[in-house]
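Input sequences plus hints: build the corresponding full structure.
Number of protein chains: 2
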Amino acid sequence: MEINLDKYKNLRREIDEGWINLHPIQRGGMLPPETRQALLSFGDGYSVCDYCLEGRVDLLKKPPVKDFAEDVAKFLNMDEVRFTSGARHAKAIIFGCLAEPGDTIVIDSLSHYTTYIAAELRGLRIAEVPHTGYPEFRIEPDAYAAKVEEVKRETGKPPAAILLTHVDYKYGNLADAASVARVAKQHDVPFILNAAYTAGVMPVDGKQLGADFLTCSGHKSWAASGPIGILAATEEFADRVFRKSSMRGPWSGRTFPQKEVCLFGCPPVFGTPIATLMASFPHVVERVKRWDEEVEKVRWLVRELERIEGFRQLGERPKRHTLATFESPSFHRVAREHKRRGFFLHEELRKRKIAGIHPGMTKLITLNTYGLGMDQLRKVADAFHEIAKSYNIEIK
Amino acid sequence: MEINLDKYKNLRREIDEGWINLHPIQRGGMLPPETRQALLSFGDGYSVCDYCLEGRVDLLKKPPVKDFAEDVAKFLNMDEVRFTSGARHAKAIIFGCLAEPGDTIVIDSLSHYTTYIAAELRGLRIAEVPHTGYPEFRIEPDAYAAKVEEVKRETGKPPAAILLTHVDYKYGNLADAASVARVAKQHDVPFILNAAYTAGVMPVDGKQLGADFLTCSGHKSWAASGPIGILAATEEFADRVFRKSSMRGPWSGRTFPQKEVCLFGCPPVFGTPIATLMASFPHVVERVKRWDEEVEKVRWLVRELERIEGFRQLGERPKRHTLATFESPSFHRVAREHKRRGFFLHEELRKRKIAGIHPGMTKLITLNTYGLGMDQLRKVADAFHEIAKSYNIEIK
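Residue numbers (my numbering), protein chains in the order written: chain A, 1 to 396; chain B, 1 to 396.
Hint data in this document are derived by calculation from the structure and do not stem from the laboratory. Given the structure is predicted, the values throughout are model-derived calculations rather than measurements. We put the beta carbon where it would ideally sit given N, CA and C, even for glycine. Errors might be hidden in some of the hints.
[Unchecked claim] In silico DSS-like pairs for lysine-lysine, Cα to Cα no more than 25 Å straight-line: (1) A:62 / B:363; (2) A:289 / B:9; (3) A:62 / B:351; (4) B:351 / A:61; (5) B:61 / A:339; (6) A:363 / B:61; (7) B:62 / A:363; (8) A:9 / B:74; (9) B:66 / A:9; (10) A:9 / B:289; (11) B:259 / B:61; (12) B:62 / A:170.
[What the hints assert, rightly or not] Footprint (simulated), chain A over chain B, 3 or more residues, beta carbon under 8 Å: (13) 8-14; (14) 18-30; (15) 37-44; (16) 58-70; (17) 224-230.
Right, dumping it as structure tokens:
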């Protein structure tokens with residue numbers, strides 16, 4: 001067996017604290033300094049299990065994971081919370097418990113790909129709620145109502161569940177969750193709100209929004225190293241998704257009455273995922289209160305980037321979330337002629353230590369400003385303007 | 001909403017490098033110094049996704065995860081490898097792909113609880129292969145053969161799969177995988193070897209052992225922070241467990257042809273789990289060559305602890321793995337009278353900065369010596385002897 005091991009030595013991330021990182025999925029998952037200490041302290045495998053008496057990480061008293069689960073439930077205004085491998089895992093668990101193979105669920109057409117894959121894993125049929133198309137790509141509650149009616153007509157019964165993506169991955173549109181919840185309630189269908197881009201960065205009140213389930217992402221939006229997700233449920237549904245094992249070894253008689261079946265018995269979040277999620281919680285509770293400032297900052301950057309010829313922010317206006325997509329036909333024109341093709345933009349930004357714009361993409365540019373200071377955003381705007389000018393693109 | 005956030009501030013693990021840690025599940029998951037550097041560098045959520053063009057963490061070129069997956073396959077002598085949330089997740093994936101609800105699988109009665117739970121999640125019936133009972137608790141290949149025959153008689157068909165726990169969590173017995181593989185082959189049943197306690201600490205050659213699948217645990221045995229598992233398969237079965245999405249959004253036309261359904265599209269191992277698994281790989285490749293030394297050390301400790309009145313190592317003799325369980329009736333007698341009950345032992349050891357003995361347990365003591373030096377093991381033996389003497393228990 002010949003393996004070249006050198007490439008695994010001194011593994012380091014290129015992008016460090018000296019960079020400005022605009023990566024759409026990374027802004028909400030950056031660790032504050034105090035959490036980096038917890039990361040190191042709990043770095044070894046199974047590190048939180050030192051004093052486990054309970055056999056489940058979410059019940060640990062030391063470190064205080066049990067209290068933490070209760071506090072997260074309060075913070076989200078939901079009844080019960082469990083930790084999962086990510087929002088993707090949380091959605092797969094819910095679909096697995098609410099629907100049988102062949103059932104139909106209604107999702108929005110801006111759903112994250114993991115929503116589709118979670119449905120596929122369970123063998124579900126999906127009905128997609130259309131968006132309003134270019135340039136705003138809105139998901140409207142009325143379209144949900146129409147789609148549910150359509151499913152009822154076609155299948156003879158209501159869908160097994162309705163899922164709405166609270167803020168989508170592509171345009172950063174904030175959907176009207178409370179109105180979709182009312183549609184769900186009218187038809188007596190469980191309502192799942194995928195809050196991967198909202199809970200942890202902006203205020204989210206599950207009950208006020210009418211969610212039966214919230215799915216959240218620690219590594220996306222709770223300043224956690226992860227991967228870790230949060231599955232929050234109302235009391236009404238908690239027993240179905242958090243059911244305990246009734247398995248009994250036919251020869252040994254072994255039973256596992258404390259273990260929860262859909263969470264692999266004890267969910268694989270022990271060690272740094274849960275430690276960093278907990279360590280960042282005080283930071284998260286504080287930062288969601290400053291959401292309005294974050295929205296002001298992204299709006300400022302939108303104005304600055306739209307000064308570049310052809311640049312247009314897509315999705316709803318004005319923005320209500322820090323993830324933003326622009327069409328950028330002037331840059332795309334450069335890419336067609338450039339010897340580095342679409343990579344030129346990524347590379348120009350990289351020279352300036354600005355990271356996170358998808359390598360190769362110039363037709364649409366997606367970025368996230370969450371948590372960046374005005375000084376950093378000014379550098380970003382200047383960089384884009386500079387690059388534009390260097391290719392004779394006009395700045396208004 | 002009133003939440004006391006103070007308890008989440010300055011979260012630190014009590015057990016640090018100054019301690020000797022005997023925790024049965026933790027010895028193989030400790031990070032070498034170079035991996036702690038990678039842990040910090042890749043600490044932020046989604047940190048390995050900076051240059052993702054592939055949409056799947058296992059296909060990343062930078063950092064070199066694609067090469068890594070191929071190298072891990074070589075190292076295990078298997079054809080294809082994917083990363084999962086843990087061995088528990090790997091088993092759930094395999095059961096989900098090989099068996100239909102109601103099917104029967106054959107497992108050993110020393111299986112980890114996550115094997116039972118993974119079967120329960122899929123709605124499977126389990127048939128347990130008995131062990132030989134006190135004091136050795138061996139799992140014999142003949143018992144597998146008999147159990148498979150029994151399942152055939154009772155259900156009219158062979159089991160959907162056979163799983164063997166290579167080394168079990170309780171006694172640290174090393175099972176005869178190659179012989180169980182022959183039983184599986186005879187009956188044309190897929191054979192899963194759960195190598196959570198073996199691959200990464202001792203040499204494991206999947207093809208030589210006849211495994212169709214290996215499930216491994218990064219946080220348990222590959223010096224990874226995790227949680228991360230490895231699902232290794234032969235070419236014959238790879239397409240079934242790693243099937244790609246065929247979902248198509250009926251309105252949007254969205255497709256996800258690169259995403260693998262059972263792995264949530266892209267498996268939730270991005271960030272520190274995969275970064276630490278990769279960073280530790282050179283260390284792991286080297287350390288498995290020194291397995292014999294590890295076995296010598298645990299045998300030394302067995303001899304020393306068996307000098308204590310009543311102590312007896314359970315499971316096979318001599319030991320072939322570093323996880324060991326002792327019956328310790330003399331300590332249990334002390335616990336019955338002690339004001340701290342069974343916690344006295346844990347607390348006595350804690351005073352001496354020795355961690356990892358289950359709090360409250362004195363009837364059976366499970367520990368793992370993997371990676372500890374002789375100087376440390378001497379301290380462990382001395383501590384046990386000292387504690388014994390202080391309660392008037394004889395040392396032979």
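Do the hints match the structure? See the list:
For the proposed pair residue 62 of chain A and residue 363 of chain B, the alpha carbon gap of about 24 Å is at most 25 Å, so the pair holds. Simply put, residue 289 of chain A and residue 9 of chain B have alpha-carbon atoms about 19 Å apart, close enough for the 25 Å limit, and the pair holds. A hinted pair counts as satisfied when its Cα atoms are at most 25 Å apart, and residue 62 of chain A with residue 351 of chain B qualifies at roughly 18 Å. Annotation: proposed proximity of residue 351 of chain B to residue 61 of chain A holds, straight-line Cα distance about 21 Å (limit 25 Å).
For a cut-off of 25 Å, the pair hint linking residue 61 of chain B to residue 339 of chain A stands: about 22 Å separates their Cα positions. For the given pair, residue 363 of chain A sits about 24 Å from residue 61 of chain B by alpha-carbon distance, which is consistent with the 25 Å threshold. For the hint pairing residue 62 of chain B with residue 363 of chain A, the CA-to-CA distance comes to about 24 Å; that is within 25 Å, so the pair holds. Restraint check: the Cα-Cα separation between residue 9 of chain A and residue 74 of chain B comes to about 18 Å, which is no more than 25 Å; the hinted pair holds.
A C-alpha spacing of about 16 Å is found between residue 66 of chain B and residue 9 of chain A, which places the hinted pair at or below 25 Å, so the restraint holds. Note on residue 9 of chain A and residue 289 of chain B: the hinted pairing holds, with a Cα-Cα distance of about 19 Å set against a maximum of 25 Å. Taking the CA atoms of residue 259 of chain B and residue 61 of chain B, the gap is near 17 Å; set against the 25 Å cutoff, the hint holds. For the hint linking residue 62 of chain B to residue 170 of chain A, the alpha-carbon distance of about 24 Å falls within 25 Å, and the restraint holds.
For the stretch 8-14 of chain B, the stated coverage by chain A is satisfied: 7 residues place a CB nearer than 8 Å to a CB of that chain, which reaches the threshold of 3. Given as covered by chain A, the stretch 18-30 of chain B passes the check, having 6 residues with a CB less than 8 Å from a CB of that chain where 3 are the minimum. Given as covered by chain A, the stretch 37-44 of chain B passes the check, having 8 residues with a CB less than 8 Å from a CB of that chain where 3 are the minimum. Counting residues of the stretch 58-70 of chain B whose CB lies closer than 8 Å to any CB of chain A gives 4, which reaches the minimum of 3, so the coverage claim holds.
Residue count for the stretch 224-230 of chain B with a Cβ under 8 Å from a Cβ of chain A: 5. That meets the three needed, and the coverage hint holds.
The structure agrees with every numbered hint stated previously.
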